[in-house]
Amino acid sequence: MNLALLLGAMTLICWMVGGAVAVLGTAEHSHHRQEMTEFLSLGLNLFGVVCAIAMAAVVLTT
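Numbering that gives the first Met the number 0 puts the sequence shown at residues 0 to 61.
Just so you know, these hints were derived from the structure itself, not from any lab. Some hints could be false.
[To be verified] Pair by pair, the computed Cβ-Cβ distance ranges are:
1) L59 / F38: 28 to 36 Å
2) E37 / L11: 16 to 24 Å
3) H31 / L4: 36 to 44 Å
4) I52 / A19: 17 to 25 Å
5) A19 / T61: 31 to 39 Å
6) T60 / A26: 18 to 26 Å
7) L23 / A56: 30 to 38 Å
8) A19 / A55: 21 to 29 Å
Note that beta-carbon positions come from the ideal geometry of N, C-alpha and C, so glycine has one too.
Using the sequences and the accompanying hints, generate a full structural model.
Written out as structure tokens, the structure is:
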């Protein structure tokens with residue numbers, strides 16, 4: 000159950016940071032930085048989804 004809590008916390012953190020990066024990245028005027036923030040936001044959100052699925056698997060198997 001501790002693993003599920005850790006994965007849940009990681010999910011929340013990834014989604015919060017990904018959202019913050021997306022919001023702050025819209026203010027950038029540099030095209031290269033905007034692409035980088037989009038890529039970083041996408042990566043964090045996908046990692047959050049993976050953590051959420053892993054958390055659900057841990058909870059359902061225990």
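Here is how each hint holds up against the structure:
Separation of L59 from F38 is about 32 Å and conforms to the stated range, judged on CB atoms against 28 to 36 Å. Between E37 and L11 the beta carbons are some 21 Å apart, a value that agrees with the proposed interval 16 to 24 Å. Evaluation of the 36 to 44 Å hint for H31 and L4 yields a pass: the beta carbon distance comes to about 38 Å. The beta-carbon spacing between I52 and A19, approximately 23 Å, falls within the hinted interval of 17 to 25 Å.
The given range of 31 to 39 Å is respected by A19 and T61, whose C-beta atoms sit roughly 32 Å from each other. Checked against the given bound of 18 to 26 Å, the beta carbons of T60 and A26, roughly 43 Å apart, lie outside it. About 32 Å separates the C-beta atoms of L23 and A56, a value consistent with the hinted range of 30 to 38 Å. At roughly 25 Å, the beta-carbon separation of A19 and A55 lies within the given 21 to 29 Å, and the hint holds.
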